[in-house]
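Peer 1: From first to last, the protein sequence lines are chains A and B. Going by numbering that gives the first Met the number 0, the residue at position 20 of the first sequence is 19; the numbering climbs one at a time, nothing skipped. Going by numbering that gives the first Met the number 0, the residue at position 53 of the second sequence is 52; the numbering climbs one at a time, nothing skipped.
Please note that a few of the clues may not be correct.
To be verified - Cβ-Cβ distance ranges computed for the label pairs, FRET-style: (1) A/K211 to B/E56: 32 to 40 Å; (2) A/N245 to B/I34: 52 to 60 Å; (3) B/T36 to A/I121: 28 to 36 Å; (4) A/G133 to B/E75: 30 to 38 Å; (5) B/I34 to A/I124: 20 to 28 Å; (6) A/K179 to B/E75: 47 to 55 Å; (7) A/N128 to B/D71: 46 to 54 Å; (8) A/R200 to B/I52: 41 to 49 Å.
Said to hold, decoys possible - One-sided and incomplete, this derived list gives chain A residues near chain B with beta-carbon spacing under 8 Å: (9) L82; (10) S97; (11) E99; (12) Y102; (13) E106; (14) E109; (15) K113; (16) E130; (17) P225; (18) T229; (19) M233; (20) I238; (21) D243; (22) M251; (23) K261.
Unchecked claim - A few chain B positions that, by computed beta-carbon distances, are all more than 10 Å from chain A: (24) L23; (25) K26; (26) K41; (27) I47; (28) I52; (29) A63; (30) D73; (31) N78; (32) C115; (33) L139; (34) C141; (35) L143.
It is worth saying that the hints were derived from the structure and are not from the lab. Where is the CB? At the ideal position from N, CA and C, for every residue including glycine.
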Amino acid sequence: MKNTIILFIIFICFSSPTIAQSFVIQYDYSKHVMKDSTRIVSQNTFLNIEENYSTFFSEAPYLADSIMTSDEKLGKKINFKALPADLLGCYIRKKLSSKEVIYYSDEFDEHEYKYIEEPKFIWKISTENKEILGYKVYLATTKYAGRNYEAYFTSEIPIQDGPYKFFGLPGLILEIYDEKKDHHFLAVGISKEKKITIEDRISKRKYIETSKQKFIEMRKNHIQAPLKRTFELMNSTQIYEKKDANGNMVDMRKLLNEMQKKMIEEYKKENRIEL
Amino acid sequence: MTKQFFLFLALLVFSFSYCNDNILIYKNDLKEVKINTVVIQKKYNDKIYDLKISVGEGFLGKVASFSIEVLDNDSEFKNLIVNNREKIKSNLLEIITNSNSLQRSAIGPVLTVGNCVSNCTKTWQCYDQPTQTGTALCALDCVLECAGA
Numbered sequence: 000m001k002n003t004i005i006l007f008i009i010f011i012c013f014s015s016p017t018i019a020q021s022f023v024i025q026y027d028y029s030k031h032v033m034k035d036s037t038r039i040v041s042q043n044t045f046l047n048i049e050e051n052y053s054t055f056f057s058e059a060p061y062l063a064d065s066i067m068t069s070d071e072k073l074g075k076k077i078n079f080k081a082l083p084a085d086l087l088g089c090y091i092r093k094k095l096s097s098k099e100v101i102y103y104s105d106e107f108d109e110h111e112y113k114y115i116e117e118p119k120f121i122w123k124i125s126t127e128n129k130e131i132l133g134y135k136v137y138l139a140t141t142k143y144a145g146r147n148y149e150a151y152f153t154s155e156i157p158i159q160d161g162p163y164k165f166f167g168l169p170g171l172i173l174e175i176y177d178e179k180k181d182h183h184f185l186a187v188g189i190s191k192e193k194k195i196t197i198e199d200r201i202s203k204r205k206y207i208e209t210s211k212q213k214f215i216e217m218r219k220n221h222i223q224a225p226l227k228r229t230f231e232l233m234n235s236t237q238i239y240e241k242k243d244a245n246g247n248m249v250d251m252r253k254l255l256n257e258m259q260k261k262m263i264e265e266y267k268k269e270n271r272i273e274l
Numbered sequence: 000m001t002k003q004f005f006l007f008l009a010l011l012v013f014s015f016s017y018c019n020d021n022i023l024i025y026k027n028d029l030k031e032v033k034i035n036t037v038v039i040q041k042k043y044n045d046k047i048y049d050l051k052i053s054v055g056e057g058f059l060g061k062v063a064s065f066s067i068e069v070l071d072n073d074s075e076f077k078n079l080i081v082n083n084r085e086k087i088k089s090n091l092l093e094i095i096t097n098s099n100s101l102q103r104s105a106i107g108p109v110l111t112v113g114n115c116v117s118n119c120t121k122t123w124q125c126y127d128q129p130t131q132t133g134t135a136l137c138a139l140d141c142v143l144e145c146a147g148a
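Same shape as in the complex, but just chain A (with noise of 0.2 Å):
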């Protein structure tokens, strides 16, 4: 297997510029469920590698168009509690040429965002290693968005990329974490078969264009008052009262306040990888 990608990183280097670069890493991307929790959570990630660019995301978006399309199908009431949540809350998506990440939000309700970043990973590479998928690996460090990192990256696998938004060792990072392995992501498979993409949905999505500096002024403004705009809704429409699945009356006002005022208690607690 190890063998069968590093022909193949040779085949597509020295072939025709017009054979795309294309195949796909799997990451096990685990994190803990919120700020001082010990329970863990994780879930599959991918970096799909194109010949210009790589897109960095998390499979659950896709599980939820296939459960939500399954469900229609079979005429059944979507249950959206059920459906399986974003661990990231975005898209990646990197242009190792001009060292360009684009963020695309996904954790919003009537607006999205993007913002391009470049940011400047200062690694130190040690000469620990040991081995991943059969690969070995070296010790690197960075520093990024108030975290320490720890990187193990391959120079047999020479694309300077890896996932979230890291990049810049020379070999493509199989493994990296913050020294509180608050975040971890593990490459646990490498294909030449892209199984499941996420162009669609940032190709036919309208992101709003925006700084970094901005995005993170106007999250914070979200997460402290989330349903902001269904109450302006509410208010402006006068639809006080609406009739649950079971047919009683319900009052929006207080059922708002209630969830509100849990969404900010998530969001005081929530495990954010950016501090």
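Please build the complex by placing chain B on the supplied structure of chain A, with the hints as guidance.
Peer 2: Showing chain B alone in chain A's frame:
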């Protein structure tokens, strides 16, 4: 001829596995991410033996396999391990179960209220409704849906 060849191949593989010094005590279905090896010394009948212990590690540090190799090429001690393989395995399974559950109890991702509302409003394109009333009705339905009311 083909049958004979496969029979020969099977015998060859069997003989190799039988002759292997590495005594596989336990192996489960977890994908091995790496193998950790450590050489330990064990005293038995006033003789100290060097044992190479290999522990296959799955994702999240879970134990995927366990094998022992007697480095001193001593058949007596090797036979002792082979004869007590089941006992060792049963003790080991107890340790592994505890260690795996203590180390990291990975659970499936949880859906937050925010995720639920966001998924729902996007699916029904609530914010693309032609009227504000349509948008409000749609968004409030999603709130009801995610509140479980």
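Peer 1: Now look at each hint and say whether the structure bears it out.
Peer 2: Cross-check of the supplied hints:
Distance hint for A/K211 and B/E56: a CB-CB separation of about 37 Å, consistent with the stated range 32 to 40 Å. Checked against the hint of 52 to 60 Å, the pair A/N245 and B/I34 passes, with Cβ atoms roughly 56 Å apart. Roughly 34 Å separates the CB atoms of B/T36 and A/I121, a value that falls within the hinted 28 to 36 Å. Under the hint 30 to 38 Å, the C-beta atoms of A/G133 and B/E75, about 35 Å apart, fit the expected range.
As the Cβ distance of B/I34 to A/I124 is approximately 24 Å, the hint placing it in 20 to 28 Å holds. A/K179 and B/E75 have their C-beta atoms about 48 Å apart, which keeps the hinted 47 to 55 Å range intact. Range check, A/N128 to B/D71: Cβ separation about 29 Å, and the 46 to 54 Å hint is violated. A hinted range of 41 to 49 Å for the beta carbons of A/R200 and B/I52 is consistent with their spacing of about 47 Å.
Taking 8 Å as the C-beta contact cut-off toward chain B, the hint placing A/L82 at the interface holds, the least distance being around 6 Å. Taken as an interface hint, A/S97 does not check out: its beta carbon lies about 30 Å from the nearest beta carbon of chain B, beyond 8 Å. For the restraint placing A/E99 at the interface with chain B, the shortest Cβ-Cβ distance is roughly 27 Å, beyond the 8 Å limit, so the hint is violated. With a least beta-carbon distance of about 17 Å to chain B, the hint placing A/Y102 at the interface is violated under the 8 Å criterion.
Annotation: A/E106 was flagged as interfacial toward chain B, and the flag holds, the nearest CB pair being 6 Å apart, inside 8 Å. Interface hint status for A/E109: upheld, as the beta-carbon distance to the closest one in chain B is roughly 5 Å, under 8 Å. Given hint, A/K113 at the interface with chain B, is violated; its Cβ is 16 Å from that chain's nearest Cβ, farther than 8 Å. Of the supplied interface hints, the one on A/E130 holds, with its beta-carbon coming within about 6 Å of a beta-carbon of chain B, less than 8 Å.
The interface hint given for A/P225 is met, as the beta carbon of that residue sits about 6 Å from the closest beta carbon of chain B, less than 8 Å. For A/T229, the suggested interface contact is upheld, since its CB lies about 5 Å from the closest CB of chain B, less than 8 Å. With a least beta-carbon distance of about 6 Å to chain B, the hint placing A/M233 at the interface is held under the 8 Å criterion. This hint holds: A/I238 has a C-beta 5 Å from the nearest C-beta of chain B, less than the 8 Å allowed.
Hint status for A/D243: holds, given a least beta-carbon distance of 4 Å to chain B, under 8 Å. Of the supplied interface hints, the one on A/M251 holds, with its beta-carbon coming within about 6 Å of a beta-carbon of chain B, less than 8 Å. The interface hint given for A/K261 holds, since its Cβ lies 5 Å from the closest Cβ of chain B, which is under the 8 Å cut-off. Residue placement check: B/L23 keeps its beta carbon more than 10 Å from all beta carbons of chain A (closest about 19 Å).
The beta carbon of B/K26 sits about 18 Å from the closest Cβ of chain A, which is more than 10 Å, so the claim that it is off the interface holds. Non-interface status of B/K41 relative to chain A is upheld: no Cβ of that chain comes within 10 Å, the nearest being about 26 Å off. The Cβ of B/I47 lies farther than 10 Å from every Cβ of chain A, with a closest approach of about 29 Å, so its non-interface assignment holds. Residue-level check passed: B/I52 sits 17 Å from the nearest beta carbon of chain A, beyond 10 Å.
With a closest Cβ-Cβ approach of about 12 Å to chain A, B/A63 is found to remain outside the 10 Å limit, as its non-interface label requires. Listed as a non-interface residue, B/D73 keeps its Cβ farther than 10 Å from every Cβ of chain A; the least gap is roughly 30 Å. Distance check for B/N78 against chain A: the nearest CB is about 32 Å away, which clears 10 Å, and the non-interface claim stands. Non-interface status of B/C115 relative to chain A is broken: a Cβ of that chain comes within 10 Å, the nearest being about 5 Å off.
Taking the minimum C-beta to C-beta distance to chain A, about 5 Å, the non-interface status of B/L139 is violated against the 10 Å cut. With a minimum CB-CB distance of about 7 Å to chain A, B/C141 fails to clear the 10 Å threshold, and the non-interface call is violated. Chain A draws B/L143 into its interface by the beta-carbon criterion, the shortest separation being 5 Å against a cut-off of 10 Å.
Against the hints set out earlier in the document, violations occur for numbers 7, 10, 11, 12, 15, 32, 33, 34, 35.
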